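*Asks:* The chain contents come next:
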Amino acid sequence: MRNIKRKLFLILLTIIASFYAVGVAYAQDGQPGYPTDDDVNRVAKKLYCPVCPNTPLDVCETKACEDWRAQIRDQLSEGWTEQQIMDYFVAQYGERVLAEPQRKGFTSLVWFLPLTVVLVGTGVVYEILKSWRKQKKVTVDARPIPEVSREMLEKIEREIRELD
Amino acid sequence: MIADIGLVALTIAFLFSVYATFASAYGGWHNQLTWVESARNAVLLAFPFLTVSVIVVVYSLYVLDFSLAYVYDVSSQAMSPFLRVTALWGGQQGSILFWAWLMAGFVATVLLRKWERDRELMPYFIATAMLTTAFFVGVALFITNPFMRLWHIEGATELTQSLFQPANSMPYFPEDGGGLNPLLRHFGMIGHPPTTYLGFTGFVIPFSFAIAALITGQSRGDEWIRTTRRWTLVAWIFLSIGLILGGRWAYDVLGWGGFWGWDPVENAMLMPWLTGTAFLHSVMMTEKRGMMKKWNMILIILTYSLALFGTFITRTGVISSVHAFAKSALGPAFFAFIGLTFIGSVTILYLRWDTLRSEHTLESFISRESAFVLQNMLFLAITFAVFWGTIFPLISELVTGVKITVGPPYFQRVTGPLFFVLLLLMGIAPLFAWRKQAMRALGKVIWIPFLASLGIAIIWGYIHRMHPASIIGLWLVTVTLSLILAEFWKGIQARRTTLSENPFTALFNLIGRNHRRYGGYIIHISVLLIALGFIGDANFKLETQGTVSSGESLTIGDYQLRFDRLRGYPGSDGREIVEAVTTLSQNGETIRALNPRRDYFIVQEQPVTVPGVYSTPGKDVYVLLVGWDDGGQSATFKIYVNSLINWVWIGGLMMIIGTIIAAWNNPYQREMTYVLKPGGLSSHPLLQEG
Amino acid sequence: MMGQLPTDEQEVQPPPTADRKRVGIIVTFALILTLLGLLAWGLKKAQAGPRESGMAPDFTITGFDGRTVTLNELRGQVVIVNFWASWCPPCREEAAYLEETWRKYEGEGVVFIGVDYVDTEKEALAYIEEFDITYINGPDIGTRIAQAYNIQGVPETFFVAKNGELRGVHIGPMKSPQLDEKIEELLAEQYP
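Protein chains in written order, with this note's numbering: chain H, 1 to 164; chain Y, 1001 to 1690; chain G, 2001 to 2192.
Keep in mind the hints are simulated off the structure, nothing from the lab. Note that the structure is a prediction, hence the values are computed from the model and not measured. Careful, some of the hints might be misleading.
As the list claims (entries may be wrong) - In silico EDC-like pairs for lysine to aspartate or glutamate, Cα to Cα no more than 20 angstroms straight-line:
| id | chain 1 | residue 1 | chain 2 | residue 2 |
| --- | --- | --- | --- | --- |
| 1 | H | K130 | H | E159 |
| 2 | G | K2162 | G | E2073 |
| 3 | Y | K1403 | H | E154 |
| 4 | H | K45 | Y | D1599 |
| 5 | G | K2122 | H | E100 |
| 6 | G | K2182 | G | E2108 |
| 7 | G | K2175 | G | E2121 |
| 8 | G | K2122 | H | D67 |
| 9 | H | K63 | Y | E1397 |
| 10 | Y | K1490 | Y | E1501 |
| 11 | G | K2104 | G | E2165 |
| 12 | H | K46 | Y | E1543 |
| 13 | H | K63 | Y | D1599 |
| 14 | Y | K1436 | H | E95 |
| 15 | H | K63 | H | D74 |
| 16 | Y | K1444 | Y | E1487 |
| 17 | Y | K1294 | Y | E1397 |
| 18 | G | K2122 | H | D87 |
| 19 | H | K45 | H | E66 |
| 20 | H | K46 | H | E100 |
| 21 | H | K104 | Y | E1397 |
| 22 | Y | K1490 | H | E159 |
| 23 | H | K63 | G | E2121 |
| 24 | H | K104 | H | D67 |
| 25 | Y | K1436 | H | E127 |
| 26 | H | K63 | G | E2106 |
| 27 | G | K2122 | H | E127 |
Said to hold, decoys possible - Chain Y side only, calculated, beta carbon under 7 angstroms to chain G, not exhaustive:
| id | residue |
| --- | --- |
| 28 | G1317 |
| 29 | F1335 |
| 30 | F1337 |
| 31 | F1342 |
| 32 | V1346 |
Glycine is no exception: its CB is placed at the ideal position from the N, C-alpha and C atoms.
Construct the entire structure; sequences and hints are all you get.
*Replies:* Rendered as structure tokens:
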């Protein structure tokens, strides 16, 4: 039984893995009309407007954002990669233009703390549950139940559960 | 003048609120009922006086009395009467008054009903609830007063705002007002703020009962939970509706094709909703098994604190957001009150911690009880993740001096897996038995839905070339939905075999005989539908942008959008409209015309983009007019194909229905009164429905 | 289950629970106080306006034309620091007046520095050419200067006296003769 389960799992894994290949291949520059609005937006999506609060760069409608999108367009047509453009924006306007916080330096804490908390929390919960069970083990010697037959008990329990 | 009446009424309401707070506390402490009854009367009087204030403000807005600074700020000649009324909550002063009024209304309603049953809790309930109400009324009276008038002091270049006439001044009557922010002039304005405020303020009721139960040591029993269960449900559903309406409103007017941006103010609303939902479930454990009393206390204190925290960051702009109100002076006062609430409730909880002893214990790691514990942990984990992401920019700036933005990628990636497990649990947990669930029995029930949905998801995903993440999402929704529907099926089948009812009667009676359970299942289904909308938004969204001349088309997916022409005309409310006439086709077949447009509000010098949308159950085709050339020969459009988005709104409606069913008084269950001997049977003695 | 075998129960339970309780409350209070402290700091920051007094924060800026200037090296001269951006309509209102005033006081111990706030080079250069601005203008790399002066928007003009102290800020476009008056006032100060 175990062997078959393992094989099934591997097949599943392979099927899932094959989908990743589909996502990776994506047409880049070299096409006519590059950079299109979509190309600009693809980069702008990852950035936030340096001036307006919490507005992604691809949807912001102010003149300033129009200028920045035009700048991205110019940089794309000069052959800059996405990473280069983003680095330029960070250097020029500060880290707050990035939609996704970096994973280095102090900022990495935003990613690591929740993970740590979840792990620690799981441990804490486990300890609490264990101590609940231990409490039960101590008080286990109950007085014998007054004369209600076992069948009667089960029937009542079932009915109560249905009413829930 | 009318405004004077409003001011006087507000002052009286404040005095009554303060009196009620101290009188009830005194009466409770010294066990003197007359003081408590007097406090109750004060509450019942404070509300009508607040109502008078609110009516005065609404009236002034309606008749456009611009001598009032608030009316001048948020109203204008061009606004329709309907919008003028909603401007009550269009600015800081009005919305604080509105908030205080709703809160007072809740407390008064609770006190109107029979309160003899909860006589022991009443004094401290009133004290806690009215302390909060008095604070908000006080802020409205002393800090952000809507009755401030405009005066012109001799020789000054600017106008002065003041309640009372300054020396050497004349009252000033502007011709026209600033008007409501154009983004707020939408039907969402009538729905979102009131429901959100009802949700936030509604939680003061269970919170006050909880504190009262702690102070009186009553939390040994579940009286306070039974009393507040319906109030919690009311607050919860309003908060849920508020969230969904907010999303809908953003979708309609903000022009970025989405409905949830993980903006700090949105998160501020989400967090109390998360802990509030956990609380709603957790109290079930207490009712059934007398367990999780500590959890309940923690959760309701958290929920209420998060609600206060939410309104604090919204109104003071401590964390920058697109939703921010204009700056005002209420920051320090709010800060003090929040500090008091946090520290005070935690202290009381600590002092009374030992009264919260469980009556039963956990018997097995796999049981309904442990499922509830897991659920609580998941909700708390998600809440923490959202909280952390929301305040981290502030922390980062404090510690390193660098401003950063924590955007959607963080929230999606961190909360996504947690939500996944939570939703799965939502489907499986109802199958768990109390005390101990045998794994084998569980396996027998779930293996078919598990594998069937896995198969469907993989095959569907393979055919449609979906990304793995979306296949997992699809599987999640399929399996959980089938598990919940299976519950309905089992119930219907049972009734058919034993009572020979036809399926529809069986379904009707099934729900009718057990509102809480099946109403709950309906709510769970609605949550899944909303989750479906989120999954569609995250994984299947298509977008494109392009400039086309008249007659040319843009392509997205298998849709084509042809630009026909541009037209310009003046609109209502003082705006100039530029509208694009376009035709949408699918695979070459014309579907309909879409008219995305851009409204420019002349006085505010602000544009609002109005999308042209084609909605089907499967998706929305959402078209924005981004720009155009002066001759009107070519225009730039942005097109989104938002898959599955309408399931969010459908889910929202279903949630309301489910909640009404769940909250409905069940006369049949009321008759079931079992008095059983404690110890030996699996449930607490069943009492009447409360 | 309730109240049975009291001695056994009491022996096992109290010590771990009491200790855990104490740790729990201390940790909770510490967290709450930290959060409140953070919020208080955030509140103060949100309510603060641009810097108006004290020593003017030092900075070095490289103009679009390649010139470099450091504020601290300008002691003995009156410095006007103007924050602007090409996408800011009110800035255009004061641009001509600023340039005019600069030309009037050039060489008399007054320095004008234009700090371009989150702008694109292309548009900035076009703006400078449009108004024929001759005093030094450069981008605020990383918005460090703007943060140091805690500007709330553009345009904002800061006045630095001969001894390096900030003598106030003007929020919004400057209109004649506001700038002339301020410069005269600062020039009249003795230094050292």
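*Asks:* Can you name, in rising order, the numbers of the hints this structure does not satisfy?
*Replies:* Of the numbered hints given earlier, those the structure breaks are 1, 3, 4, 5, 7, 9, 11, 14, 17, 24, 26, 27 and 30, listed in rising order.
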